[in-house]
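Residue numbers (this note's numbering), protein chains in the order written: chain A, 100 to 414; chain B, 154 to 475; chain C, -5 to 302.
Hints listed in this document are in silico derivations from the structure and should not be mistaken for laboratory results.
Using N, Cα and C, we set each Cβ at its ideal position, and we do this for glycine too.
Among these hints, one or two may not hold up.
Here are some chain A residues pointing at chain C (derived, C-beta under 8 angstroms) [said to hold, decoys possible]:
hint, residue
1, Arg137
2, Leu243
3, Leu369
4, Leu376
Each computed DSS-like pair below joins lysine-lysine, with the alpha-carbon atoms no more than 27 angstroms apart [stated by the list, open to error]:
hint, chain 1, residue 1, chain 2, residue 2
5, B, Lys227, B, Lys210
6, B, Lys327, C, Lys213
7, B, Lys463, B, Lys449
8, B, Lys356, B, Lys327
9, B, Lys356, B, Lys241
10, B, Lys281, C, Lys167
11, B, Lys449, B, Lys281
12, B, Lys241, B, Lys281
13, B, Lys463, B, Lys227
14, C, Lys167, A, Lys373
15, A, Lys139, B, Lys449
16, B, Lys327, B, Lys301
17, B, Lys241, B, Lys327
18, C, Lys213, B, Lys210
19, B, Lys281, B, Lys301
20, C, Lys167, B, Lys241
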Amino acid sequence: MAGSTPASLTADAPAETSAARKARRFSPWQEAWRRFRRHKMALVSAFALLVIVFAVLAGPFIWPVPINEIDFTAKLQGPSVSHPMGTDDLGQDLLARLIYGGRISLAVGVAAMVVAIFVGVLIGAIAGMASGAVDAALMWVTDLFLSLPQLPLLLLVIYLFREPVKGVLGIEGGAFVLIVAVIGGTRWMPAARLVRAQFLSIREKEFVEAARALGASRLRLVLMHILPNAMGPVIVVATIDIAAAIIAESTLSFLGLGFPSDVPTWGSVLRDAKDYLDIAPHWALFPGALIFITVLAINFIGDGLRDALDPRRVL
Amino acid sequence: MAENLLDIRGLKTWFKTDDGVVRAVDGVDLHLDRGETLGVVGESGCGKTVTARSVLKLIDMPPGRFEAGEILWKGRNLIPLPAEEMNKIRAREIAIIFQEPMTSLNPVYTVGYQIAEVLRQHENLSRKQAVEGAVEMLRLVNIPNPGKRVHDYPHQFSGGMRQRVMIAMALSCKPQLLIADEPTTALDVTIQAQILELMQEMKDRLGMSIMLITHAMGVVAETCQRVVVMYAGKVVEEAPVEALFANPRHPYTQGLIRSIPRVDRAAAKERLEAIPGTVPSLLTPPPGCRFAARCKYAMDVCVTAMPPLKEVGPGHRVACVL
Amino acid sequence: MIPSLLGISVVLFALLALAPGDPFDELATNPAVPPEVRAALRAKFGLDDPIWMRYWHWLAALLQGDWGFSFVSRMDVSTLIMQRLPVTLIVIGASQFLAIAIALPVGVLAATRPYSLFDQIANTVAFIGFSLPTFFTGLVLILIFSIQLDWLPFVYRADINATGWAFYWEHIKQSIMPVTVLGLFQGAALVRFVRSSVLDVIRLDYVTTARSKGIGERKVITRHVVRTALIPVVTLVALQMPIVFSGAIVTEQIFRVPGIGSLLITSMLSNDTPVVMGVTFVSACLVVIFNLIADILYGWLDPRIAYR
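Let the sequences and hints guide you as you build the complete structure.
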């Protein structure tokens, strides 16, 4: 089997032996960690993200300033000792508001990712196992959703449903549930396609055949044998989905169709700040930078995880 | 002996990988005369393809690197040659065809375009003249209806026909050397014979030399005048084809010859022999003879030092202490 | 194309039908309107018909260009959208052009020198580029170029009191920032895709064949690598149109560009449902049209498809 490129031709034999050597020395997770560690930016990002998560969780205890204490004598102030990130037009402390907002933004990101991945894995798994008409129909729906313009659709659903949901769950809870459901509901397609593709290839593998020959039920086959082996790429997509969901939430809030102004999130603080850009740029720069750093960190971690868990894919 | 057409001396082509340096070609000496067909044989990963591609400097650098040695083409060393000079030699003086006719042609251009591209580059022809030249080449390699086929895309040809197109492309500037890197491995047996026959015919008509890379000893016996046997990046035996088959000296060559299936032996219920073991790692090659681990005659000296090539007959050299 | 358009229309209609609230709710709470009148009105507008009948009427009206009337703007929805659409198309078109103009050379250069310094910088910058939300980039650009440097206007004006060259110059000046914001975001994602697509092709056998022809590295890359690597890139550009649209809504909102994106937001904030539905449907149609264009280009770029 002379390879198509000289490098692979000559590397074939040694690569196999060294891979075999490593497999003996490391478990798959250790091997993944070893590869992840090689991605410097991912490591730095993981650390940065940990700091941000710790800050928004522990922040209120370290910086116990109320988020809605109005002080007109201190409005639109730049960063100072008493207000490290300055104040907004009502003299509210921005650090406290951004800590609170970070909790919501991160929570929305994670929750929306869970919804998207759950729906995606479910649909992808059904399509991958069923094949035939069911598969074709599900993939048609997936492609259809992929070709829908996401933001207009998000906005439309929120526009049509926000009043009734608010009536049932209250302002903050209603907005949270609606936004999570809508973002999750419009982001499941990549996961579904990925899981289906993984299923199609894994279910033909020998170990699955073996399990089937041993009389494993379909459900057991999926849960015990196929799904765990399909998870690597799904974890990568899930990570990147968190970043996308955080951007989506900030975008909605920024456009005035996400969380209302009295519930500070990074996006809604930025929306209020945009009209004061000339006199109080710090007001917009802090939340914007937080969104950017968080999203960048998550994307880098996703890239590192891709190297670690899914080495075959290039993009 | 007059000046050789091609003379490779002490060539080392190494590759840097994540796991270390792969010494794919590690000190190869071989030469090729005008009008000669030289067979280069050995199993997968022995460095024969890298040797072939090194001649045309088709090695990706990095990760590849010429560590040492010379490639003398008509007395001129190709290794330090700048890219523009090298491009004047490629296709015009030395051409190459590959194993996979399926993937060696660009799917998005017509075969006519791809042949004409060579002619336009080297012969300064107009677009129209070049296409006419392409038709002529397709006719030469016995593709039926060349005037029409010239406008077809590679996927519209069968595997054997594609290899004919590759040959037409390679020979369009009438090179003095054709390097054929496993040209028949991917083809059906009947097609293989046709392609070999075509190469032979072209060689006679154009008076060129052929360097035939293969792992099939049968192909070597039929087409070559001289053979170089490679193992783990080194030449282990070199001989005229009759001498090699009549009197193989290196245990590896002996193993290769014994592993050819033969009808007469099959009738005698003789077992087809395989060489035990696999090619050693080229990352950390053993200091001694690289075949020692698989050799049934291995002695203590074999694992300490690599034996040099020594003359054992006219044009017959072998790297073995035996 | 037709099935996906039908599918999109079903999704939109389903959302509309599922949404609680009824245009006649107000009448219901108004004691001056007797129930018989309300029922007659409902019947007139077909609200009591079975759902598929309502869908059929809605779709028929949509296809006839009868998209309803905007009570806020006091004009037909179709007229309103047609007024706003060209601006959006120009902004999106220009930014896609900018994105491709940046991504193609950078991606190809990075891929031909994998793991070089240039490659690493290009990769990192691209990563930062698509992690930057468009609304933040927009605000930062305004802060720098409009407020600090005062070079560019930060509000897009449709009524420019100038003629000739000055008119076009003003238009270009006010388009620079929105187009840059969208274009850089798109370009960043494209760079990585172009790079990986080129890397996929550059390893292929026929590239070695091309090198063996002695045509020179430049021709090898442009003729044999980029030409084939472009095929998946074209698909990606088309598939990313929904994302471009999302970006356009945000940019139009930040720079107050009078396109359909800002129209969508203003009509949502003023509860102008016919306009909201119209704009959503138009953007969906545009996405489908771009997919169709991609399919055609795909066939044109890849002879293996065209002959099938």
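Verification of the supplied hints:
no.	hint	verdict
1	Arg137	violated (13 angstroms)
2	Leu243	holds (4 angstroms)
3	Leu369	holds (7 angstroms)
4	Leu376	holds (6 angstroms)
5	B:Lys227 with B:Lys210	holds (16 angstroms)
6	B:Lys327 with C:Lys213	holds (22 angstroms)
7	B:Lys463 with B:Lys449	holds (21 angstroms)
8	B:Lys356 with B:Lys327	holds (10 angstroms)
9	B:Lys356 with B:Lys241	holds (21 angstroms)
10	B:Lys281 with C:Lys167	violated (48 angstroms)
11	B:Lys449 with B:Lys281	violated (62 angstroms)
12	B:Lys241 with B:Lys281	holds (22 angstroms)
13	B:Lys463 with B:Lys227	holds (25 angstroms)
14	C:Lys167 with A:Lys373	holds (21 angstroms)
15	A:Lys139 with B:Lys449	violated (49 angstroms)
16	B:Lys327 with B:Lys301	holds (23 angstroms)
17	B:Lys241 with B:Lys327	holds (13 angstroms)
18	C:Lys213 with B:Lys210	holds (17 angstroms)
19	B:Lys281 with B:Lys301	holds (15 angstroms)
20	C:Lys167 with B:Lys241	violated (50 angstroms)
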